[in-house]
Amino acid sequence: MRIGIDVGGTNTDAVLLDGRRVLAAVKTSTTEDVTSGIVTAIGELQRQHAFDPAAVRAVMIGTTHFINALVEARRLAPTAALRLSLPAGASLPPMVDWPRRLVDAISGRAYLCHGGHEFDGRHIAELDEGELRKAAEDMGRAGVRSVAISSVFSPVNAEFETRAAEIVAAELPGVAISLSHEIGRIGLLERENATVVNAALRELAAHIVDGLASSVSGAGITAPLYLSQNDGTLMDVDFARRYPVATFASGPTNSMRGAAVLSGLDTCAVVDVGGTTSDIGVLAGGFPREATTDVSVAGIRTNFRMPDVLSIGIGGGSLVTGEPADVAVGPRSVGYELTAKALVFGGDTLTATDIAVAAGRVAIGDPERVAHLDPDLVRAALGRIAADAADAVDRMRTSAEPLPVVAVGGGSILLPDELAGTGEVHRPEHYAVANAIGAAIAQIGGEVDRVYAIEPGHRDSVVDEAKQEAVDRAVAAGASPSTVEIVDFDEVPIPYLPGNATRIRVKAVGDLQLGG
Amino acid sequence: MSWLLTEAHLTDLARGAAVLGTGGGGDPYVGRLLVREAIREYGPVTVLDPDELADDALVIPTAQMGAPTVVFEKLPRGTEAVAALHALETHLGRRATATMPIECGGINSMIPLVVAARTGLPVVDADGMGRAFPELQMETFGVYGVPGSPMAVAGERGETTVIDTGPDNRHMEWLARGVTIRLGGVAHIAEYAMRGSDVRRTAIPRTLTLALTVGRAIREARERAADPIAHLASALGGTLYPHLRVLFRGKLTDVERRTEAGFARGRAAATSFTGEHKLELEFQNENLVALVDGEPRCVVPDLVCVLDAERAEPITTETLRYGQRVTVVGISTPGLMRTPEALAVFGPGAFGLPYEFRPVEYLADFPPDG
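Protein sequences, first through last, are from chains A and B. Mapping the first sequence onto the numbering used here, position 309 (from 1) lands on 309, and the numbers just tick up by one. Mapping the second sequence onto the numbering used here, position 343 (from 1) lands on 343, and the numbers just tick up by one.
Hints are not guaranteed to be accurate.
[What the hints assert, rightly or not] Label-pair restraints from in silico Cβ distances:
#	chain 1	residue 1	chain 2	residue 2	range
1	A	D128	B	A54	44 to 52 Å
2	B	A230	A	E159	52 to 60 Å
3	B	P44	A	R301	21 to 29 Å
4	A	K134	B	G352	52 to 60 Å
5	A	G313	B	G238	49 to 57 Å
6	B	E159	A	K134	21 to 29 Å
7	A	P93	B	S2	26 to 34 Å
8	B	V246	A	A213	54 to 62 Å
[What the hints assert, rightly or not] According to the in silico footprint, chain A covers these stretches of chain B (three or more CB under 8 Å from chain A):
#	segment
9	204 to 213
10	329 to 339
[Said to hold, decoys possible] Listed below are the simulated SDA-like cross-link pairs for lysine to any residue, each with C-alpha atoms no more than 25 Å apart in a straight line:
#	chain 1	residue 1	chain 2	residue 2
11	A	K341	A	N11
12	B	K278	A	N11
13	B	K278	A	T422
14	B	K278	B	P334
15	A	K467	B	V255
16	A	K467	B	E313
17	B	K278	A	Q513
18	A	K467	A	Q513
19	A	K134	A	D120
20	B	K278	A	A420
21	B	K278	B	Y362
22	B	K278	B	E361
23	B	K278	A	F51
Simulated from the structure, these hints should not be mistaken for lab results. All of these numbers come straight from a predicted model, not from anything done at the bench. Don't be surprised by glycine CBs; every beta carbon is placed ideally from N, CA and C.
Excised from the complex, chain A in its bound form (with noise of 0.2 Å):
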């Protein structure tokens, strides 16, 4: 058995897994301090079905605490920003372009030293390490509890951001340290924002850790704890602590997961209908097909692996207004006020979810209360739905091949079984919690991204190399060696340079090796 909790701004979910078999789906709030609702949530699972706390395996989170965090910038520690580059790199120092409010709420401070790599291993300029004990000085003297250490051409050559991280930690003892090459890839700006998060996270992710390993361990379940990362793939809670930052888009990814657990689709369309929007992302082979363009969270540019999502103004709340013959639905919505507002609820708003009721796909509230609602309004309404949750879905094809639609989200009653140009839609069953079942199956999976010089006649066994390193590193992170396999390969030659130079990039994923 397995339980996955994902813990949202409102709810938090948790099921209870035998295999992929949902044995019991509880939904709760979630508090202030995360952990008493995940303590409720393991005590209404036991209620629905009665377990054995010690026959428990391991428990997963999915959690969107941290990148709420940043976005409301609170509980942020202070942070230093600490580059090897120059004498490169001067003119646009690290967080050069990041919201003013957020540098002012991890009290950011910017360095930079000399250090950093060419393209082909030379070193841009030696590093200083007087000049790096000077910063750490300064560091200290300002109050800095955290420091992201970035280098150019780092994910090719770790050996000056190491380096450096000894300095700092002899001069700074027990101050967090973050290293870009462990946590972002090639595009210097971007995974140094990415490290800087990191780092301005680390104190709260130690707190909010160890309060989500006590409240597992005070259910009396011995078992080991994950979190989910931005890929669908799991971190133990050590790494937790170390790479807060991978969690940030964990949620679309559960939710998408999930949702092909519950349908057994592993290649499909899912959408997600929530209360004022709808999500449409594409699972290809069980994993979201992920963003191409550099993603912005809270107003810094970051090159993170996150889903590609579709948003339409489509959900439960959507305020529906026109005639049959040009009805619209959406973008504005009642929101969280749709128990008070929408007319099944005693309200004065027509919405998505008055529709459904009226339309005998839902029974909720009072049914009397939209008796009254033209057939043919009612029918144009829900047309207009499908029509426009076909369009998106035709958007976020990449084939002419008919794609299963899976929906999923409290507002899926809102669209028809089928839907035009791509066949039925799968409504499966516990489909208001596919975020923690996504949590609760995530897999185990290591990642290379790195600039190659392929000499002629050596690309394969430069790829296999890179391919095997990927592996190692799903198996070193926890995966079960014979389940492992390439899920992600992408090459990309390096214009004007000679030698070849080749970008590759290879993701590797298994299942969980789960223990006695």
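Take the given structure of chain A and dock chain B to it, following the hints.
Just chain B now, with coordinates in the frame of chain A:
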């Protein structure tokens, strides 16, 4: 007629320069930040119309050369392009009156603005490519008789090299490329020093203004929830790039890349949303030709621009990905770029393509099979 370029212009300018970069020219994001920081420190930049230059003014264009992927990682020190300019001034024994872009597409629309902000020199509203190209000899300056030499190349350690190959711009490109690799894959340059009268004779005029116009049209369309492509087409109406044709709307189905002679060559394929039509793109850093159902519809030097289907955000050849939803447009270029002399240097034949150049407004409106 001169005007002040401020921080407020930069987002529109960068997006417009990315469109004119036709998939190459480097991501103007880093360039935009460099200019923004320089303007914040030194103040706004004076932009001069080419008509305002004295005949004997000395204009020294400045630029960055090298691998865009390296620029993502090794950010400039900020002083390199100024060092290149000063090195060339010293070599020539004359001070520049103004600087100018050699390339209005991509990051090189921005580098002369950094130089202008830091030195107080004005920047001339013109360039020598009218778009982006991969090599230094692919300049209308050179096509119409202005030599690139002597040129200066500078790195971030303050080092400079002067290269003088006389009238041979292709050999200059080859030597400068070698120096750039030794400098770590990116260098800053000053070249094609010329008189004001030569600017008027050989440059594509008002291309900074053009990039601003393009960027602004796309932004304003988004703000009004209007169709950005239609907005862009009407904004181009009064410029030297008057014809915009939508060549294709669809999803990318294949992207293939290879490195040849130091360039990222490749091709991409797309299928229309209806599934009826096929698009093929060929690129060498920049998009070179768009074929619809096997027939060329837009050929270099006319602009083949791949834009995100939703927001009309330009997509670079490096970030083309399977599954992207795109609108591909062709944009006509000025007559100066379409003469036999110009086509010999940067027409389809110069890239080894087996197509004849025909203006996009002809190819798109009068397809050969009727």
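Going through the hints against the structure:
| no. | hint | result |
| --- | --- | --- |
| 1 | D128/A <-> A54/B: 44 to 52 Å | holds, 48 Å |
| 2 | A230/B <-> E159/A: 52 to 60 Å | holds, 53 Å |
| 3 | P44/B <-> R301/A: 21 to 29 Å | holds, 25 Å |
| 4 | K134/A <-> G352/B: 52 to 60 Å | holds, 55 Å |
| 5 | G313/A <-> G238/B: 49 to 57 Å | violated, 36 Å |
| 6 | E159/B <-> K134/A: 21 to 29 Å | holds, 27 Å |
| 7 | P93/A <-> S2/B: 26 to 34 Å | holds, 32 Å |
| 8 | V246/B <-> A213/A: 54 to 62 Å | holds, 57 Å |
| 9 | 204 to 213 | violated (count 0) |
| 10 | 329 to 339 | violated (count 0) |
| 11 | K341/A <-> N11/A | holds, 21 Å |
| 12 | K278/B <-> N11/A | violated, 47 Å |
| 13 | K278/B <-> T422/A | holds, 21 Å |
| 14 | K278/B <-> P334/B | violated, 28 Å |
| 15 | K467/A <-> V255/B | holds, 21 Å |
| 16 | K467/A <-> E313/B | violated, 33 Å |
| 17 | K278/B <-> Q513/A | violated, 46 Å |
| 18 | K467/A <-> Q513/A | holds, 20 Å |
| 19 | K134/A <-> D120/A | violated, 30 Å |
| 20 | K278/B <-> A420/A | holds, 23 Å |
| 21 | K278/B <-> Y362/B | holds, 20 Å |
| 22 | K278/B <-> E361/B | holds, 20 Å |
| 23 | K278/B <-> F51/A | violated, 57 Å |
Of the numbered hints listed earlier, those contradicted by the structure are 5, 9, 10, 12, 14, 16, 17, 19, 23.
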